[in-house]
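Given chain G, put chain E in place with the hints provided.
As you go down the protein sequences, you meet chains G and E in turn.
Each residue of the first sequence is one higher than the one before, counting from 1 in this note's numbering.
Each residue of the second sequence is one higher than the one before, counting from 1 in this note's numbering.
None of these hints come from the bench; they were simulated from the model.
All clues given are correct.
Pairs involving identical chains hold if they fit within one copy or between any two copies, as the list cannot separate such chains.
Here are the simulated DMTMM-like pairs of lysine to aspartate or glutamate, each with C-alpha atoms no more than 25 Å apart in a straight line:
#, residue 1, residue 2
1, Lys219, Asp253
2, Lys315, Asp165
3, Lys191, Glu134
4, Lys88, Glu260
5, Lys38, Glu237
6, Lys219, Asp259
7, Lys38, Asp207
8, Lys385, Asp165
9, Lys38, Asp165
10, Lys38, Asp180
11, Lys38, Asp170
12, Lys312, Asp165
13, Lys59, Glu89
The chain contents come next:
There are 2 protein chains.
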Amino acid sequence: MQTHPFSIVLLGLLLSTPPRASQAPQVPAPTVLDALAKEALGNPRAHTLLTQLCSVAPKRLSGSKGAAAAVEWAQETMLAIGLKNVRKEPCMVPHWERGTVERLTLLNKEGEANTDLSVCALGGSPPTPPGGIEAVVLMVRSFDELTQLGEQARGQAIFFNRPMDPTLSDPFAAYSGAVDQRGGAGVAAFKAGARCAIVRSMTLAYDDNPHTGAMRYEKDACVPTVAISTFDANELEARLALNVSVHVKLELDCRWFADEPSFNVVGEIPGSELPKEIVLVGGHLDAWDLAQGAHDDGAGCVQALEVARLIKALKLQPRRTLRVVLWMNEENGGRGSAAYRDLHREELGLHVFALESDRGGFAPRGFESSSTGSSLDVLARIGEKLGAYGVGFVNHSAHVGADVGPLQALGVPCAGFVPDSARYFDVHHSALDTIASVHPRELELGALCMASMCLSVANLDKPLDRIPLPSGEKPKR
Amino acid sequence: MQTHPFSIVLLGLLLSTPPRASQAPQVPAPTVLDALAKEALGNPRAHTLLTQLCSVAPKRLSGSKGAAAAVEWAQETMLAIGLKNVRKEPCMVPHWERGTVERLTLLNKEGEANTDLSVCALGGSPPTPPGGIEAVVLMVRSFDELTQLGEQARGQAIFFNRPMDPTLSDPFAAYSGAVDQRGGAGVAAFKAGARCAIVRSMTLAYDDNPHTGAMRYEKDACVPTVAISTFDANELEARLALNVSVHVKLELDCRWFADEPSFNVVGEIPGSELPKEIVLVGGHLDAWDLAQGAHDDGAGCVQALEVARLIKALKLQPRRTLRVVLWMNEENGGRGSAAYRDLHREELGLHVFALESDRGGFAPRGFESSSTGSSLDVLARIGEKLGAYGVGFVNHSAHVGADVGPLQALGVPCAGFVPDSARYFDVHHSALDTIASVHPRELELGALCMASMCLSVANLDKPLDRIPLPSGEKPKR
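Bound-form chain G, shown alone:
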């Protein structure tokens, strides 16, 4: 198109009830948001930080040397930004390694190797025995179908091939509707007497990239399990449709090691008036090992750091303490977020808000919050100011993020940043999740919206309502 000046007007958010006067949001004055935006968009640093992280620790699955390097980088970066109380907080993490062999081969009638398929071990898979496993492929779409196979499944390779449903408007809903296969294939196939499992990759893309991710591991009770690219899943399905027996050979030398010591990394901008009250912002440092984890969740880490940097750059001091937390081990254990909860249990009542970014570094769409009622209204009013930067909603959701989950369960009002998700599962947990797939401006717009949200909540007169506890228990304050 040509030169047609136009302006995006702030969109209105439907607020069912106006906020009570006592909870009127203390959003930054327009000049503060303007200043944040000017710094973020005129002097963006999130993508530069992400480039550093992806370079220093391109592979950083929990327990790896890369994860240790990421911890050191995070600590140094927090110090460079000028955060206070920078520290590493210990946690023990699981340690699984992919090894060097992951091969699924189609065998011809003579049992000779024919074609290698595009696969990767699922995270946590046991290895195959030396020499690999040979089996006949049986395709199922669900665990029920596996059960119906009965004795037929014994000794075979079970191929879980239910796709993510592309007709759902929300790719995360499509993911949720299919990912049970990734989590449960190994154990279910073991119970059925099968020798190995093959799971269709969790993606809406049709390409040659297998996507890894966590599977449930039970010692001596799950079989070696791989993800297969969607191209090869379709290819395999087409072969099976010919009603011929498809023989495969699987070789994996991935393995488990003893738990390793690791760390969450924490730093702060102390609050000016209520320094004991905490607004937390974070992402997770660990990432799957097929690429750089640039979107998942390097993006969330650098956005959390950039929130702090923007506030420092403007020489602002929020009323409450802003705490940046970069968690370890979100991907295959959640040990970091559990350790944070346990170490800080006594001060969780002073955590007034916890915001997580863990859905990729794409253009902002909105926020989800565990809050309801007038507290949700307060957040919605803050979000409304961010319409020009892409925020279109602040919705309630019962689950807003894995790493803030343990805090939410103990009453902390939590939120998750929601970027556009059309491209997310193309790269998620695959070799495509590299720095090249993250757009600098989209990433920075997210950091800007998160900064405004955190600063606004840190400056509220009255904190958000606590989240009701299922048990009725109240954490100490």
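This is chain E only, laid out in the frame that chain G set:
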């Protein structure tokens, strides 16, 4: 991130006044939108069509063989989709060709060639004389600065280096704030007595790609003009900051030819009840010649075609006629849209709505409309149903698109589809505007939203209010 089911709730749109009962929107019943979405997302065709267009007519500037091939492809595609009254409507178009030489060379002190910079001729530039032009570079940020140079400018190369402002929330506003340089550099430099002009590329990206686009051409009254990549613009600026004289040599063999006959391409789904009343949807077939014009505006063309295909696939017949119009010559003349207006002047009163897509094939954000008041409310209510697919606003704007502009000026209610714009100017008018930069799902989501908008308006009981004419003139109905 891991497996956390969540759902995006439809966002509310702030409606200042509820629609009048008589104008209650006749949006498709939920089952119709659901069916459209199921077809669009389960059996998407927009990206396949775009791949065809980019393959059949990878370069299709007005007057070129590629443009003629695009016209034939469009006609065949409309017939294949099952449209009626498919035809080519003639228009004469300008014909400019880039030629084979476009070189800007830094010269060393001895006047020898040193470094070639990344440049491209602006569309419409005259060629240099044989042997090229040698001149000293003078940098300005505005036409005022050029005027202030006075006699100093005579015989020199004027370097217009005012960047798009990245701190503006809307990249289109940043574009509008800089693109005067591209349009006016050649004529202004001529008036100042300069020998050639160099314009910083219109993009927020820092890379090595020059971005072309239309410049104002006046015979014998403008100088040869090139766009320079932002990397090389910064490099040139840094050299000039050393206060040394920078000599360059410019060679261009682009040229103008006589106007050529060309066509808009038109096809229809006749309306069931009011076949003379028309809902128009379109994009422009021509594109700049550095790449495939995949976003600008192949995306808009295939989205308009996909709107019709989706409606046909569901065997729906709208009350009013849906007319797909693929305009020629948006980029450097607007002759196609003027010809459409002139040929259809007698039936413009029967054009109840015209929707244009010409801002790239990115994920949907909303719509802009020339309508106001209760008619804008009607459109907003339709948009509200599309929240799950990314539509967050239906805003009023005085200018919604170049190709619907001539219709809007004669009273037709018009709208422009607004996708996300963070990445648009990275590729716009450059060698990066290829099929690889268009995401299939993002493109299809736009087509889906456009289909729902067009179908809803085509089925309204009462048409939208006409746009008031500045002259008070009323087109015949």
